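Visitor: Based on the provided sequences and hints, a complete structural model is requested.
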Amino acid sequence: MRKKIMYSFPDEVLEHVFSFIQSDKDRNAVSVVCKSWCEIERWCRRKVFIGNCYAVSPRMVIKRFPEVRSIELKGKPHFADFNLVPDGWGGYVLPWIVEMAGAYPWLEEIRLKRMVVTDESLELIAKSFKNFKVLVLFSCEGFSTDGLAAIAAGCKNLRELDLRESEVDDLSGHWLRHFPETCTSLLSLNISCLGSDEVSVSALERLVGRCPNLKSLRLNRGVTVDKIANILHRAPQLVDFGTGSYSAELRPDVLLNLAGAFSCCKELKSLSGFWDVVPAYLPALYSVCSRLTSLNLSYATIQNPEIIKLVSNCPNLQRLLVLDYIEDSGLEALASSCKDLQELRVFPSDPFGAEPHVSLTEQGLVAVSLGCPKLQSVLYFCRRMTNAALVTIAQNSPNFTRFRLCIIEPKTADYLTLEPLDVGFGAIVEHCKDLRRLSLSGLLTDRVFEYIGTYAKKLEMLSVAFAGDSDLGLHHVLSGCESLRKLEIRDCPFGDKALLANAAKLETMRSLWMSSCTVSFGACKLIGLKMPRLNVEVIDETEPPDSRPESCPVEKLYIYRSVSGPRFDMPPFVWTMDEERKVMH
Amino acid sequence: MEVNYDNGLNLKATELRLGLPGSDEPERQTTPRSNKRTLSEISSSGVTDDGNDYQQDSAPPAKEQVVGWPPIRSYRKNCIHATGRYVKVSVDGAAYLRKIDLKVYRSYPDLLKALENMFKLTIGAYSEREGYNGSGYAPTYEDKDGDWMLVGDVPWEMFISSCKRLRIMKGSEARGLGCV
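If you're matching them up, the sequences are chains A and B in order.
Here the first sequence is numbered in UniProt numbering, starting from 1 and rising by one per residue.
Here the second sequence is numbered in UniProt numbering, starting from 1 and rising by one per residue.
Source of the hints: derived by calculation from the structure; they are not laboratory data.
None of these values were measured; they are calculated from a predicted model.
All C-beta atoms in this analysis are idealised placements derived from N, C-alpha and C, irrespective of residue type, glycine included.
Take these hints with a grain of salt, some might be off.
[Unchecked claim] Result set (BS3-like, lysine-lysine): computed pairs, CA atoms no more than 25 Å apart in a straight line: (1) A/Lys-269 <-> A/Lys-215; (2) B/Lys-103 <-> A/Lys-411; (3) B/Lys-144 <-> A/Lys-411.
[What the hints assert, rightly or not] Beta-carbon label-pair distances, calculated as ranges: (4) B/Arg-73 <-> A/Lys-433: 29 to 35 Å; (5) A/Glu-541 <-> B/Lys-170: 41 to 47 Å; (6) A/Ser-172 <-> B/Trp-148: 45 to 51 Å; (7) A/Lys-130 <-> B/Lys-144: 50 to 56 Å; (8) B/Pro-155 <-> A/Pro-105: 56 to 62 Å; (9) B/Met-158 <-> A/Val-98: 43 to 49 Å; (10) B/Arg-73 <-> A/Glu-550: 44 to 50 Å; (11) A/Asn-313 <-> B/Pro-155: 42 to 48 Å; (12) B/Trp-148 <-> A/Cys-552: 15 to 21 Å; (13) A/Gln-303 <-> B/Arg-73: 21 to 27 Å; (14) A/Asn-316 <-> B/Trp-148: 29 to 35 Å; (15) B/Lys-144 <-> A/Pro-305: 47 to 53 Å.
Guide: In structure tokens form, the structure reads like this:
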């Protein structure tokens, strides 16, 4: 009895202590200390992150955490971004909204990624949560401007509406008018994904004008550059601005107004948008450049010297997204001007062209790695690479946390030595001890996976395509990468052996995706049978997998851990073990 | 290496003749095989040469587009490229939509064959007067102006830049659509 009193605090004290613990990981750690801590913690957890909406059911979440105010859900596998996941696969948010409508009347925030969101879901959100504040729909689809109108009209305290990269059905440009005149609470509005004419500019101006706390505004392509000045004048406090289409007939008064409007925005640190750029309007930005920390030019089809001119004027730049029109010369200029650069993404302007028409090579990336000591995150599309360049980059940038290299033509070798790029990527994982995310490309043998399994101990996400020789490659990764959470593989000769030998590993991961590999249906069934806490889903759009011999490889395979068993919303082209784990259907 | 005629777009055998009357495509079929470039020559010169060369050969494109590669989000592709982008394809009677990248295909036969494979149906022969008469299905599309047209009515390049979405209709319904 005495021991118990010595070691226990009143619940309120513990709750107060826990309120300082915000990160999910720490919260999860707290909850496994002992039963009473688990109990106290679950009542005061306000924020839940669910990385796979099928890993747990809404009811289970609600049962464990009854007082949630903020929820984040992710649906489809990452390769859905590249059309590898057929339409109708799943990721529906409605069942979650329905359950939460009853259980969490005080829910304030919903953040969704790669989920199917219907107008019905949006209407239900608007109706059910009286204090709703934040809606982020990242890469979602399935809804229209009607649903947005319901949110605008129904959520009286809305602070954030962010539709980044979602697909919205345009039914009417007038949904913005549904924000009542009394709505003054907006902090962030991102409608950049809407098409060319889905917004009423006058309604937008009025909305922006009455929201004095608006810090982030990203417009859609339908707003032309001549309209921006009026909007900016109403929101000089903006920190993050996304232009619409940066074009209009060239008129000096428009240019002057625009420059004036930008110069009034003393807090502006981040710019994006820039569709259809008319280069003559770029000088309007110069007054803002010195303060910019983030610049997204990845839709801007401008070339050098315009790009170099812009970038050289941004000494405080931390994040740059750009098309390969920047070329090696532009990256060299970037390396000498932007010493604080942390993140660089270079996208291809002509990804399907057979021949390169821009001079962007491995040299550009080498220059940036040399000149920018704080570089941590890279996404780089190019057409050639060498092991030597990768080794240099790895040595220059031991701080990489994310490294994604896409050599456009699959299985491209080191163009100087004609060898595989195993050694180059090996250097990356060896030197970059904090690497959390890696995407491979080029000609690669099992050797690169041996390096990865040996060195990439902090790696959480690995993307592989057209690489490897045998199951040994997959085995190295599954047995060596201790922190691995997400593994996605396409078009690799990986089959049953590695998967079956490392089946237990899959329970320590969020998910595994394999498409166009050589995993047999029989192996899938076996894993499904032996591992009750894994959902094994076989995707086959041509015919039922059991209409062929068991040894035949499956088209696509998605395995993820779940505490709620197989899902019930699968389309006909997805097969999984049934409840009794006897049969795949 | 000789062009393998069997793997090519053997328009004659499938009885697909597309394009405006008097267009080059059908005539090229009678060109003696020895005048055609070999497959290796096509590969080294790339597929983005002037269109005439390609039509002349009716060989498969030297570089086959791989689904989902390079790994670029479709909205990004739609933004950058004027021609060729993802459009939704629906089939009457099927529950699910598909999305295809029009930029991947080089010609009507290419596209139709892909649609036939994707949805496991026969689309049949196009004729200017009667459309896709005689088959179960007819491919139609919605153009920039919101009008529904029969696939094949306009030249390929015009189709590529104006097509917003595809719908494969049951043959009986499609007969109502106007033809050129």
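Visitor: Work down the list of hints and note, for each, if the structure agrees.
Guide: Cross-check of the supplied hints:
At most 25 Å may separate the alpha-carbon atoms for a hinted pair to count; A/Lys-269 and A/Lys-215 meet this at roughly 10 Å. Restraint check for B/Lys-103 and A/Lys-411: satisfied, since their Cα atoms lie roughly 22 Å apart, inside the 25 Å limit. With a C-alpha separation of about 38 Å, the suggested pair B/Lys-144 and A/Lys-411 falls outside the 25 Å cut-off, and the hint is violated. Taken as a hint, the range 29 to 35 Å holds for the pair B/Arg-73 and A/Lys-433, whose Cβ atoms sit roughly 30 Å apart.
A beta carbon spacing of about 21 Å between A/Glu-541 and B/Lys-170 contradicts the range 41 to 47 Å that was offered as a hint. The hint said 45 to 51 Å for the Cβ distance between A/Ser-172 and B/Trp-148, and at roughly 21 Å that hint is violated. Distance hint for A/Lys-130 and B/Lys-144: a CB-CB separation of about 43 Å, inconsistent with the stated range 50 to 56 Å. Here the CB-CB span from B/Pro-155 to A/Pro-105 is close to 59 Å, well matched to the stated 56 to 62 Å.
Checked against the given bound of 43 to 49 Å, the beta carbons of B/Met-158 and A/Val-98, roughly 46 Å apart, stay inside it. Between B/Arg-73 and A/Glu-550 the C-beta distance comes to about 36 Å, which lies outside the given range of 44 to 50 Å. At roughly 46 Å, the beta carbons of A/Asn-313 and B/Pro-155 sit within the given window of 42 to 48 Å. A beta carbon spacing of about 40 Å between B/Trp-148 and A/Cys-552 contradicts the range 15 to 21 Å that was offered as a hint.
Range check, A/Gln-303 to B/Arg-73: Cβ separation about 23 Å, and the 21 to 27 Å hint holds. Checked against the hint of 29 to 35 Å, the pair A/Asn-316 and B/Trp-148 fails, with Cβ atoms roughly 52 Å apart. Separation of B/Lys-144 from A/Pro-305 is about 35 Å and departs from the stated range, judged on CB atoms against 47 to 53 Å.
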